[in-house]
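Asks: These are the residues of each chain, in order.
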Amino acid sequence: MPHKILIVEDNTNNCRLLRDILSFHGYEVSVASDGQEGVALAMELMPDLILMDIQMPGMDGMTAGQILKKNPATSGLKIIALTSFAMQGDQDKFMTAGFDGYLAKPISTRELPELIKRWLSGEG
Amino acid sequence: MRIVKDKRVLKNASKTREAVAAVRSEATVLKAEALQSAIFNSANFSSIATDARGVIQIFNVGAERMLGYTAAEVLNKITPADISDPQEVIARAQALSAELDTSITPGFEALVFKASRGIEDIYELTYIRKDGSRFPAVVSVTALRDEQDAIIGYLLIGTDNTARKRIEEEQKELGQRLRDHQFYTRSLFESNIDALMTTDPSGIITDVNKQMEVLTGCTRDELIGAPFKNYFTDPERAEKSVKQVLREKKVTNYELTVRARDGKQTVVSLNATTFYDRDRRLQGVFAAARDITERKRLDQVLHEKNIELENARSVAEKTNVTKSEFLANMSHELRTPLNSVIGFSEVLQDQLFGPLNEMQQDYVINILTSGRHLLSLINDILDLSKVESGKMQIELSTFLLRESLDAPLMMLREKALKGAINLRMNLAPEADVSIVADQRKLKQIMFNLVSNAVKFTPTGGTVDVSARRDGDFIEITVADTGIGIQEEDIPKLFQPFTQLESVYTKEYEGTGLGLALARQLVELHGGRIWVKSEFGVGSRFSFTLPLSPATSNVPSVNRQGTLPSKHSVLLIEDEPLTLAAVENALQGQGYRVLKASNGGDGIQIARHASPDLIILDLLMPDMDGFDVADRLHSDTAAAHIPILVLTAMDLSPSDRKRLAGKVWGIAEKGGLATQELITLVGSAIGSRSR
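Respectively, the protein sequence lines represent chains A and B.
For the first sequence, my numbering assigns the number 1 to the initial residue and increments by one for each residue that follows.
For the second sequence, my numbering assigns the number 1001 to the initial residue and increments by one for each residue that follows.
To be clear, the hints were calculated from the coordinates, so they are not data collected in a lab.
Even glycine gets a Cβ: it sits at the ideal position worked out from N, Cα and C.
Any given hint could turn out to be false.
Examples of chain A residues lying across from chain B (beta carbon under 7 Å, computed) [unchecked claim]:
id	residue
1	3
2	17
3	55
Taking lysine-lysine and the DSBU-like style, the derived pairs with C-alpha atoms no more than 35 Å apart in a straight line are [stated by the list, open to error]:
id	chain 1	residue 1	chain 2	residue 2
4	A	93	B	1662
5	A	70	B	1318
6	A	117	B	1296
7	B	1229	B	1172
8	A	70	B	1323
9	B	1386	A	93
10	A	93	B	1443
11	A	117	B	1165
12	A	93	B	1318
13	B	1296	B	1250
14	B	1532	B	1418
15	A	78	B	1386
16	B	1323	A	93
17	A	69	B	1386
18	B	1210	B	1165
19	B	1323	A	69
20	A	78	B	1415
21	A	69	B	1318
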């Protein structure tokens, strides 16, 4: 059974890039374009990994992530923050919020597959 | 006794009557003699009897005692005038003469004249004793008359008045002392600068001093007897104060407003207590009213200044918040499309979804390179903005210095190899230590310097990276055998967006931000960066980092000679004394001080030396502080420098508006203690990296 990955990202280009690469590497990829949809989809699919964009209109990635972490049904899901590192202390913020890791944008397409593997296996 | 009527009895009866009469008269005589004897022997009164001419006939025991003469010595020899103070006798004669309008001889006559005329006479006289000593006496004189009422002599009865006189003197003295003391106390009361008053327990004024009259514009008479509360704008409150004093025995700092007769109002601070008499009975209230108009005015000024300061601060904060929101947004907005450009290009290049022909591969390489370059540019700009707006934070960690040097070298080794450039590292043993710094930023700095060195060194050259220990600092040098830098270009080197104008600009791409950023980052750590270069020979870029930066950004006292100074302050001030004083204070704290006595020079220095803080005077000839602030604000080389305005001017709101957003803070010269200035300077410099 291929691993399920959920991408929550509002920018269509970014979304597409990630989906294409990850599909290429054999993962079952689902997408959501805002936080609310992301939470709903996460609860439904219970993916093995969630790539959560942080800066989104409507419900942002932080809020969505915290909702999922607080809910006992979804608190075990692995969530990786996708971030532009705009603000000071962002790194700490993500870790305190309960994210399992972060990925800085622009994403390195070459490093991505390796990172995904590590996160899925629990080493990341 | 039975009366028997016979001849024999009657004869006896008449004999008895004679006998009785005889006995009676003898009794009388005996009584008189006893009386006389008692008087004569009285020791407390002197009884002197004289004949009509005044010669002493009787001189009693009291007289002997008082005057020291025996009766035998004076009897029939002298008159009382002879034992009296002659001057007094003369004076008495004169006084009597005047009083009775006749001529009286000074002498005994003067002593008894009134008595001889039947007038009650008692007077003070100084007797002179046998031994010459004197004493005050009170003498009463009566004339002795025979059956025909002719004067046969005089009786002078005297008492020793010494004791009483003494008491009188003491009382007089006490009386005088009491008056003096009262005068003293009253003077204190009257001359007090505060308005003083006393009231009875019901609040009626019983006493006031001069100042109270002045304060109320009423006279003492008008005030005394009037209710205390009448003279205040809030009589109920005034009355309450009296009640409070009576209740709590005292009242302090009770603010009231006095209304004078002419309407003038004065704010006073009332301090009052109750006071008592010697039997501890409540007498009333004693109050002092101090004019606090000036104090209130100063309080008001202070309050207003605090509000202004607060406003300025919150404006500054808001501006900061807006700036950082902007930066955050920009960061996100710029990186998002780049993500696509770089990401998709990489995937294409990796031919994940199919092969590319040579042309296509070439094009993709172009897109990728441009995208990466754009990203690097954006990163630098955002970093620089962060530093300039004080948003850049140092994230400290402890790590081996060696690692931060190895990593960038490794990254650039390939590029160096391509240009056949020898890239060497020389880490002195005492510099091979752990350092507390921002690892990422140190790598950034190293990468920048080494990459520049490699870039500007022609084929076959060398780039040496070395590190040595200098006390509590590490000094790192990147030396190359590159094209070098012209002397006149060196000052501009660390400023943003100045790539040296030369033929080489076209060949050597760069963002022009690297060195400016390197400098900011070095200085954020509390270090220094500088360059030595010879055109056509090579360059040496060096910078220092503390082994462990101070936790606060306020620099500690400079250890002269051993440590490079941490922060520099530019003083723009035309008044030489102020300039010297502030310079002194700053140097004492270890700051490097640059000076300019006019705005024009100040701006030049700010642009070139890029100090950490500018202390700016407002009132200067030619170009004033406002203009300077304007110009610095719109100058990219200097706009990031915080400005502390130090002025003796009273700033109007429109003045402050003009400065808002351009200066970090405004301080007033007059009221500023040196310590406060130091604190402000520290905060201003510290604000850059918050």
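Asks: Take the hints in turn and mark each one as holding or not.
Replies: Comparing the hints with the structure gives:
Interface restraint check: residue 3/A against chain B, minimum CB-CB distance 19 Å, threshold 7 Å, status violated. About 4 Å separates the beta-carbon of residue 17/A from the nearest beta-carbon of chain B, less than 7 Å, and the hint is met. Taking 7 Å as the C-beta cut-off, the interface hint given for residue 55/A holds, the closest approach to chain B being about 5 Å. Between residue 93/A and residue 1662/B, the direct Cα distance comes to roughly 32 Å. Compliance with the 35 Å bound is thereby established for this hinted pair.
Distance restraint check for residue 70/A and residue 1318/B: the Cα-Cα separation of roughly 33 Å lies within the 35 Å cut-off, and the hinted pair is therefore satisfied. Proposed proximity of residue 117/A and residue 1296/B is contradicted: the alpha carbons are some 73 Å apart, above 35 Å. Distance check on the hinted pair: residue 1229/B and residue 1172/B sit about 42 Å apart at the alpha-carbon level, beyond 35 Å; violated. Between residue 70/A and residue 1323/B, the direct Cα distance comes to roughly 33 Å. Compliance with the 35 Å bound is thereby established for this hinted pair.
For the hint linking residue 1386/B to residue 93/A, the alpha-carbon distance of about 19 Å falls within 35 Å, and the restraint holds. Between the alpha carbons of residue 93/A and residue 1443/B the distance comes to roughly 24 Å, so the proposed pair stays at or under 35 Å and holds. Proximity of residue 117/A to residue 1165/B is assessed by CA-CA distance (about 126 Å); at most 35 Å being required, the pair is judged violated. Between the alpha carbons of residue 93/A and residue 1318/B the distance comes to roughly 22 Å, so the proposed pair stays at or under 35 Å and holds.
Between residue 1296/B and residue 1250/B the alpha-carbon distance is near 23 Å, which keeps this suggested pair within the 35 Å criterion. The straight-line distance between the Cα atoms of residue 1532/B and residue 1418/B is roughly 26 Å, inside the 35 Å bound, and the hint therefore holds. About 32 Å separates the Cα atoms of residue 78/A and residue 1386/B, which keeps this hinted pair within 35 Å; it holds. With a C-alpha separation of about 20 Å, the suggested pair residue 1323/B and residue 93/A falls inside the 35 Å cut-off, and the hint holds.
Of the pairs offered as hints, the one joining residue 69/A and residue 1386/B holds, with about 32 Å between alpha carbons and a cut-off of 35 Å not exceeded. Distance hint between residue 1210/B and residue 1165/B is unfulfilled; the C-alpha atoms sit about 41 Å from each other, more than 35 Å. Note on residue 1323/B and residue 69/A: the hinted pairing holds, with a Cα-Cα distance of about 32 Å set against a maximum of 35 Å. Proposed proximity of residue 78/A and residue 1415/B is contradicted: the alpha carbons are some 39 Å apart, above 35 Å.
The hinted pair formed by residue 69/A and residue 1318/B meets the criterion: a straight-line CA distance of about 33 Å does not exceed 35 Å.
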